[in-house]
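Residue numbers (this note's numbering), protein chains in the order written: chain A, 1 to 345; chain B, 1 to 239.
Heads up, a few of these hints could be off.
So the derived list for chain B, only partly shown, Cβ under 10 Å to chain A, looks like this [stated by the list, open to error]:
id	residue
1	P89
2	N92
3	A119
Honestly, the hints are just simulated from the structure, not real lab data.
Since we're looking at a predicted model, the values are computed, not measured.
Ideal Cβ placement from N, Cα and C applies to all residues, glycine included.
These are the residues of each chain, in order.
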Amino acid sequence: MYRVQTRTKASQIAGLLALGLVIVGIILPAFASRTMIQDLFFILSMLTLAQFWNLLAGYGGLVSVGQQAFVGLGAYAMFGGVILLGWDPVPALILSGLVAVVIAVPTAFFTFRLQGAYFAIGTWVVAEVVRLSLATWKTLGGGTGTSLPRTASDFWGTAQVAALFDVRAAAARDIVTYWLALTLAVATIGGIYALLRSRRGLALAALRDNFDAAKSVGVDATRMKWLVFLVAAFGTGIAGGLIYLQKSRISPDAAFSVTDWTAYVIFIVVIGGIGTIEGPIIGVLVFWLLQSTLADFGSWYLMILGGLGIVVMLFAPRGLWGFVSDRTGVQLFPIRRRLIVTKGE
Amino acid sequence: MNLLTLTNVSKSFGALTVTDDVSFGVPQGQALGIIGPNGAGKSTLFNLITGNLRADRGQIDFAGRDVTQVSPMRRCTLGMGRSFQIPQPFANLTVFENLVVAATHGQSRSESEVTDQCAAILDQTELMPRANDTAGSLSLLQRKRLELARAMATGPRLLLLDEIAGGLTEGECQALVQTIRSIHASGVTIIWIEHVLHALTSVVEQLLVLDFGKVIGLGEPEAIMASREVREIYLGIEV
Numbered sequence: 001m002y003r004v005q006t007r008t009k010a011s012q013i014a015g016l017l018a019l020g021l022v023i024v025g026i027i028l029p030a031f032a033s034r035t036m037i038q039d040l041f042f043i044l045s046m047l048t049l050a051q052f053w054n055l056l057a058g059y060g061g062l063v064s065v066g067q068q069a070f071v072g073l074g075a076y077a078m079f080g081g082v083i084l085l086g087w088d089p090v091p092a093l094i095l096s097g098l099v100a101v102v103i104a105v106p107t108a109f110f111t112f113r114l115q116g117a118y119f120a121i122g123t124w125v126v127a128e129v130v131r132l133s134l135a136t137w138k139t140l141g142g143g144t145g146t147s148l149p150r151t152a153s154d155f156w157g158t159a160q161v162a163a164l165f166d167v168r169a170a171a172a173r174d175i176v177t178y179w180l181a182l183t184l185a186v187a188t189i190g191g192i193y194a195l196l197r198s199r200r201g202l203a204l205a206a207l208r209d210n211f212d213a214a215k216s217v218g219v220d221a222t223r224m225k226w227l228v229f230l231v232a233a234f235g236t237g238i239a240g241g242l243i244y245l246q247k248s249r250i251s252p253d254a255a256f257s258v259t260d261w262t263a264y265v266i267f268i269v270v271i272g273g274i275g276t277i278e279g280p281i282i283g284v285l286v287f288w289l290l291q292s293t294l295a296d297f298g299s300w301y302l303m304i305l306g307g308l309g310i311v312v313m314l315f316a317p318r319g320l321w322g323f324v325s326d327r328t329g330v331q332l333f334p335i336r337r338r339l340i341v342t343k344g345e
Numbered sequence: 001m002n003l004l005t006l007t008n009v010s011k012s013f014g015a016l017t018v019t020d021d022v023s024f025g026v027p028q029g030q031a032l033g034i035i036g037p038n039g040a041g042k043s044t045l046f047n048l049i050t051g052n053l054r055a056d057r058g059q060i061d062f063a064g065r066d067v068t069q070v071s072p073m074r075r076c077t078l079g080m081g082r083s084f085q086i087p088q089p090f091a092n093l094t095v096f097e098n099l100v101v102a103a104t105h106g107q108s109r110s111e112s113e114v115t116d117q118c119a120a121i122l123d124q125t126e127l128m129p130r131a132n133d134t135a136g137s138l139s140l141l142q143r144k145r146l147e148l149a150r151a152m153a154t155g156p157r158l159l160l161l162d163e164i165a166g167g168l169t170e171g172e173c174q175a176l177v178q179t180i181r182s183i184h185a186s187g188v189t190i191i192w193i194e195h196v197l198h199a200l201t202s203v204v205e206q207l208l209v210l211d212f213g214k215v216i217g218l219g220e221p222e223a224i225m226a227s228r229e230v231r232e233i234y235l236g237i238e239v
């Protein structure tokens, strides 16, 4: 008799550690300073964006430089839900995901005709078109942008959190958005890991290794591309909505910034290790450290970021995690299936 | 009842007609060998059957339906399994995973349903000792075996083999022929393109000869090999 096993000793330890970290993360606002909560919000939201970009490029082979389209759409959908429909911002985050998916369908329809670098440019063009279109929408602030209305600042949970931790409303808003970012990041990592462990994840790996052979064993390449693109759009849209709920002020140039929502995200994934779940986690920590230590150096900061990216690409093309994993064989999120022969019948 | 039928199939690349009005049928359960000199259009014909190339004219029927315009992916799920002349393993997946991806997608079944079946194919193709190694680490013979195993994992009614014995030593070739014979004995219909004639003729019941894209002979191997025309064209023997 046979059975299939994917877990390893390292992954079991990592699983327990992750569970511990999540619990610490949940109760953290009881001790942590407001600055730390804001920093963690930044880390968690960038981590979510990075995981989805990694899903697209690292697993799906879809190198997009237009993911800011979905960040911006998600952000504007949340603002639209609040300003136009009078919704509470937290449930309006669902709109963020849905609007991103709705726009992702025609985006995919057109850009999937393009290959490689042309696909990348195509997605960027779409993002610019969306940015320019939204900049003409006067009710949502037009080109100069707008703020969340005062009535929406006490969104779901803030009053209870303010009472529970005995903090001001502004700090309570940070705590609620932090918890939402933690939930989103955990759900993203868990969801992507589950996808990769399923037969669809195996199909993605097969397509990456040998596109023609994968189609010849019945893998539906087109469906897999659509699945990955739409899932990434949905998650990126929710992340965008959440980021701008925390900022509470939006403008087209900021919400559709290719630097903030795609270039930094690519840096995180490439530095950490593309095509792994661990990579973006390491990458976002490196990115945050660099940003918090070098932010005062202005344009030098960007040059150091670029220089470091080049060094990693030259000497550790599989990123920092790839460098570690190749030498130690450690995998915290193993997806390899091992066929085990069990004794007896 | 034919499992596969080609009717007046033609394919040209520019002015060059590579498949010229080809018609033949393969009954359920038969093993058909395809031979012909280099450039006769064997691989083109093979790719027309699997759908990797589209026919310019003519019709291809498989399992009672017209598949002329059907994609390779759909043809696989309908029951065509193929090997590649140059092995195309999923190099970063393990040997076992190579079979699982083929079995789950080729047969549209869940992973737990196909585990035992994949293990049985690994046994049959003698790849079990390498089950948990990455496919990129296999030797040539093992890669050829993996091509066969992966095609079998899709649950084919028709198995298409493209020069699977090429490049192997005599002993390796014999071992592979044994495996293919056992697969055929289990009822799978086979179309096999091969240059290694004695390997081919020890398995197939019918032999089809191609030259310049045309079918110039179809019949039992002994009769075909004895025919003057085939010996002249294919074997280059002056008779």
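Hint check:
1. With a least beta-carbon distance of about 7 Å to chain A, the hint placing B/P89 at the interface is held under the 10 Å criterion.
2. Hint on B/N92 holds. Least Cβ distance to chain A is approximately 5 Å, under the 10 Å limit.
3. Because the closest C-beta pair between B/A119 and chain A is about 5 Å apart, less than 10 Å, the hint holds.
Of the numbered hints listed earlier, not one is contradicted by the structure.
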